[in-house]
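Listed below are the residues making up each chain.
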Amino acid sequence: MKMVKTGAVALLWMLMSSAMAGEAGVALKADDIRAEPFGDAKSVGQLAANDKVDIVGKNGGWLQVKSAKGKGWVRMLSIRKGDAKKGANETAGLLSMTSGRAGTGKVVATTGIRGLNEEELKAAKFNETEVALVESYATSKEQAQQFANEGKLVARKFDYLPEVK
Amino acid sequence: MKMTYKLLFSAMFAASCSSVAAFDFGALEKQVKEVQKQIPQQAPQQSQQPPAQQLLKQLPVSPQAANLIKEASGTTQEEEIAIGRQISGNLLGAAALVKDALLQRYVNNVGRWVASQSERPDLPWHFGVIESNDVNAFAAPGGYIFVTLGLYRLLQSEADLAGVLGHEVGHVIQKHHLKILQQSKLLEAGSNALTSSVGNNSAVQKLIGSGAEIVSRSLDKGAEFEADRIGVVLATRAGYDAYGLPSVLQQIGHSAKDDGSVALLFKTHPHPDARLDKLSIAMGDRFDKVQGQPVAQRLYRTK
Chain A
1337 MKMVKTGAVA
1347 LLWMLMSSAM
1357 AGEAGVALKA
1367 DDIRAEPFGD
1377 AKSVGQLAAN
1387 DKVDIVGKNG
1397 GWLQVKSAKG
1407 KGWVRMLSIR
1417 KGDAKKGANE
1427 TAGLLSMTSG
1437 RAGTGKVVAT
1447 TGIRGLNEEE
1457 LKAAKFNETE
1467 VALVESYATS
1477 KEQAQQFANE
1487 GKLVARKFDY
1497 LPEVK
Chain B
45 MKMTYKLLFS
55 AMFAASCSSV
65 AAFDFGALEK
75 QVKEVQKQIP
85 QQAPQQSQQP
95 PAQQLLKQLP
105 VSPQAANLIK
115 EASGTTQEEE
125 IAIGRQISGN
135 LLGAAALVKD
145 ALLQRYVNNV
155 GRWVASQSER
165 PDLPWHFGVI
175 ESNDVNAFAA
185 PGGYIFVTLG
195 LYRLLQSEAD
205 LAGVLGHEVG
215 HVIQKHHLKI
225 LQQSKLLEAG
235 SNALTSSVGN
245 NSAVQKLIGS
255 GAEIVSRSLD
265 KGAEFEADRI
275 GVVLATRAGY
285 DAYGLPSVLQ
295 QIGHSAKDDG
305 SVALLFKTHP
315 HPDARLDKLS
325 IAMGDRFDKV
335 QGQPVAQRLY
345 RTK
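So the sequences go chain by chain: A and B. Under my numbering, the first residue of the first sequence carries the number 1337, and numbering increases by one thereafter. Under my numbering, the first residue of the second sequence carries the number 45, and numbering increases by one thereafter.
These are computed hints drawn from the structure, not numbers from a lab. This one's a predicted model, so the numbers in the text were calculated from it and none came from an experiment. Among the hints, a few may not be true.
Said to hold, decoys possible - Below, a list of computed lysine to aspartate or glutamate pairs in the EDC-like style, where the Cα atoms sit at most 16 angstroms apart:
#1 LYS265(B) x ASP332(B)
#2 LYS311(B) x GLU1499(A)
#3 LYS1417(A) x GLU1499(A)
#4 LYS1378(A) x ASP332(B)
#5 LYS1402(A) x ASP1367(A)
#6 LYS1378(A) x ASP1368(A)
#7 LYS347(B) x GLU163(B)
#8 LYS223(B) x GLU175(B)
#9 LYS1405(A) x ASP1367(A)
#10 LYS143(B) x GLU1466(A)
#11 LYS265(B) x GLU175(B)
#12 LYS1501(A) x ASP264(B)
#13 LYS1365(A) x ASP144(B)
#14 LYS1458(A) x GLU1471(A)
#15 LYS333(B) x ASP1495(A)
#16 LYS143(B) x ASP1495(A)
#17 LYS265(B) x GLU1499(A)
#18 LYS1417(A) x ASP144(B)
#19 LYS1365(A) x GLU257(B)
#20 LYS1407(A) x ASP1367(A)
#21 LYS347(B) x ASP166(B)
#22 LYS1417(A) x ASP1390(A)
#23 LYS219(B) x GLU163(B)
#24 LYS1378(A) x ASP1390(A)
#25 LYS1388(A) x GLU1372(A)
#26 LYS143(B) x ASP166(B)
#27 LYS1461(A) x ASP144(B)
#28 LYS1394(A) x ASP332(B)
#29 LYS1501(A) x ASP166(B)
#30 LYS1493(A) x GLU163(B)
#31 LYS1477(A) x GLU163(B)
#32 LYS333(B) x ASP1367(A)
#33 LYS1501(A) x GLU268(B)
#34 LYS333(B) x ASP1376(A)
#35 LYS1458(A) x GLU257(B)
#36 LYS1477(A) x ASP166(B)
#37 LYS1407(A) x GLU1372(A)
#38 LYS311(B) x GLU1455(A)
#39 LYS1417(A) x ASP317(B)
Work the whole structure out from these sequences, hints included.
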């Protein structure tokens, strides 16, 4: 019994720490750090472009961050995830090494399923069976409405966004 | 351009030689019937055509005037679907559907619900997840939309999926790919051949070029930014958290330029950072008062 409890605590701790570990991020532009995830919440600090942050939480369009400039909530779209894009490069390098494609500069696929490049798309041949299959999965408007109800999704009005010049 | 004209003429020539046509197209008759069978189920015959074309049937109009009206009103929905079906069949020839019926039905439910919030809720929408580790999504005219398994696996909630599908629905309702075909003037010239035999995939194929190459053509940046804005709004209208698409873009922006799985996406789209920047300005604080659902629990997990 005690062991189960210890195990549960350990699991909880692992879950919490993975959620709290924090992902690196960089401010794309200057923006306020706010006390709560709302546009009218109190500002507790100011991020400058390129400031590094630690992302520790998410709520809708807001990210909870820790940074040298303070701790709080910043608009999601003011932050880019990852630091200086280093990590991803290293991963790609590793994958190309293991798949024996190092030096080709082209990692098309990493687990045996091929990628989709222009040549393959150009050479593609019509597959009637597959089209018939995709058509067989179609959902009617009514079924989609039912599906939405089950997920407690309610349709609402919202205007299209104006173009940004 | 000259080359494509030539192709078109040869297609028209082939169609006019009925014996050749019979030989060539005999096997395709099934397809034609498939398309025709589907159309009436989805929408009443009358709404197939833009009002101008319905009017044409009722009024005596000279052929010249008829052509002008047709040019102005564009391609009929029937033609649009035939073109989209052909492109989809080719794309599926390059990357087949993931053989997981539950996944495919799930994606169709989410997609149809999002598309229901658009101005074309009655198109026969189709959605599919295809076998590819690439991170990409494709839209073909008439409401055929595909997401790669590589992209699907990046998703963390149903709202993410809704945002991605919303972007592609945006391409369809704004007819971005269809407009490329219309710009090349091929569609107007070839439309007679198209209407006379819907699903005649030889004629449609000539129109769209080689295989599914058209889905790898870049749209102009403005069209991509527009589809992003539409995707966010459609997901919001459907009751989802508006930030699904931006989350996915952030995720993709994370990958390095030399990561092969995003090579085609990066080649044909503006960089995710640029898209996020535009979205950020367009969205501003407009969504602050809107509470949407992430629906993270229901996201179908692939095996």
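Hints, verified against the model:
With a C-alpha separation of about 27 angstroms, the suggested pair LYS265(B) and ASP332(B) falls outside the 16 angstroms cut-off, and the hint is violated. For the hint linking LYS311(B) to GLU1499(A), the alpha-carbon distance of about 23 angstroms lies beyond 16 angstroms, and the restraint is violated. Of the supplied pair hints, the one linking LYS1417(A) and GLU1499(A) is violated, its CA atoms being roughly 25 angstroms apart against a limit of 16 angstroms. Among the hinted pairs, LYS1378(A) with ASP332(B) is consistent with the structure: their alpha-carbon atoms are about 15 angstroms apart, no more than 16 angstroms.
The hinted pair formed by LYS1402(A) and ASP1367(A) meets the criterion: a straight-line CA distance of about 14 angstroms does not exceed 16 angstroms. Proposed proximity of LYS1378(A) and ASP1368(A) is supported: the alpha carbons are some 9 angstroms apart, at most 16 angstroms. Distance restraint check for LYS347(B) and GLU163(B): the Cα-Cα separation of roughly 35 angstroms exceeds the 16 angstroms cut-off, and the hinted pair is therefore not satisfied. With a C-alpha separation of about 28 angstroms, the suggested pair LYS223(B) and GLU175(B) falls outside the 16 angstroms cut-off, and the hint is violated.
Of the pairs offered as hints, the one joining LYS1405(A) and ASP1367(A) holds, with about 11 angstroms between alpha carbons and a cut-off of 16 angstroms not exceeded. Distance restraint check for LYS143(B) and GLU1466(A): the Cα-Cα separation of roughly 10 angstroms lies within the 16 angstroms cut-off, and the hinted pair is therefore satisfied. In summary, the hint linking LYS265(B) to GLU175(B) is not supported, as the alpha carbons are separated by about 27 angstroms, beyond the 16 angstroms threshold. With a C-alpha separation of about 14 angstroms, the suggested pairing of LYS1501(A) with ASP264(B) holds against the 16 angstroms cut-off.
Only pairs whose Cα atoms come within 16 angstroms are accepted, and LYS1365(A) paired with ASP144(B) is rejected, the gap being roughly 42 angstroms. A distance of roughly 23 angstroms separates the Cα atoms of LYS1458(A) and GLU1471(A); the hinted pair therefore is violated under the 16 angstroms criterion. Distance hint between LYS333(B) and ASP1495(A) is fulfilled; the C-alpha atoms sit about 14 angstroms from each other, no more than 16 angstroms. A threshold of 16 angstroms between alpha carbons decides the hint, and for LYS143(B) with ASP1495(A) the separation of about 38 angstroms lies outside it, so the pair is violated.
Among the hinted pairs, LYS265(B) with GLU1499(A) is consistent with the structure: their alpha-carbon atoms are about 12 angstroms apart, no more than 16 angstroms. Restraint check for LYS1417(A) and ASP144(B): the C-alpha separation of about 32 angstroms exceeds 16 angstroms, so the hint is violated. Using a Cα cut-off of 16 angstroms, the hinted pair LYS1365(A) and GLU257(B) is violated, with the two alpha carbons roughly 38 angstroms apart. About 13 angstroms separates the Cα atoms of LYS1407(A) and ASP1367(A), which keeps this hinted pair within 16 angstroms; it holds.
For the hint linking LYS347(B) to ASP166(B), the alpha-carbon distance of about 32 angstroms lies beyond 16 angstroms, and the restraint is violated. Straight-line distance between C-alpha atoms of LYS1417(A) and ASP1390(A) comes to about 9 angstroms, which keeps the hinted pair within the 16 angstroms bound. A threshold of 16 angstroms between alpha carbons decides the hint, and for LYS219(B) with GLU163(B) the separation of about 12 angstroms falls inside it, so the pair holds. Proximity of LYS1378(A) to ASP1390(A) is assessed by CA-CA distance (about 20 angstroms); at most 16 angstroms being required, the pair is judged violated.
Distance restraint check for LYS1388(A) and GLU1372(A): the Cα-Cα separation of roughly 20 angstroms exceeds the 16 angstroms cut-off, and the hinted pair is therefore not satisfied. About 27 angstroms separates the Cα atoms of LYS143(B) and ASP166(B), which puts this hinted pair outside 16 angstroms; it is violated. Straight-line distance between C-alpha atoms of LYS1461(A) and ASP144(B) comes to about 23 angstroms, which puts the hinted pair past the 16 angstroms bound. Only pairs whose Cα atoms come within 16 angstroms are accepted, and LYS1394(A) paired with ASP332(B) is accepted, the gap being roughly 14 angstroms.
Distance restraint check for LYS1501(A) and ASP166(B): the Cα-Cα separation of roughly 32 angstroms exceeds the 16 angstroms cut-off, and the hinted pair is therefore not satisfied. Under the criterion of a C-alpha separation no larger than 16 angstroms, the hint pairing LYS1493(A) with GLU163(B) is consistent with the structure, at around 13 angstroms. For the given pair, LYS1477(A) sits about 13 angstroms from GLU163(B) by alpha-carbon distance, which is consistent with the 16 angstroms threshold. This hinted pair does not check out: LYS333(B) and ASP1367(A) have alpha carbons roughly 19 angstroms apart, beyond 16 angstroms.
Proposed proximity of LYS1501(A) and GLU268(B) is supported: the alpha carbons are some 14 angstroms apart, at most 16 angstroms. For a cut-off of 16 angstroms, the pair hint linking LYS333(B) to ASP1376(A) stands: about 11 angstroms separates their Cα positions. Only pairs whose Cα atoms come within 16 angstroms are accepted, and LYS1458(A) paired with GLU257(B) is accepted, the gap being roughly 4 angstroms. Of the supplied pair hints, the one linking LYS1477(A) and ASP166(B) holds, its CA atoms being roughly 8 angstroms apart against a limit of 16 angstroms.
For the hint linking LYS1407(A) to GLU1372(A), the alpha-carbon distance of about 10 angstroms falls within 16 angstroms, and the restraint holds. Between LYS311(B) and GLU1455(A), the direct Cα distance comes to roughly 14 angstroms. Compliance with the 16 angstroms bound is thereby established for this hinted pair. Our distance criterion of 16 angstroms between C-alpha atoms is met by LYS1417(A) and ASP317(B), whose separation comes to about 10 angstroms.
In this structure, the hints that do not hold are numbers 1, 2, 3, 7, 8, 11, 13, 14, 16, 18, 19, 21, 24, 25, 26, 27, 29 and 32, in rising order.
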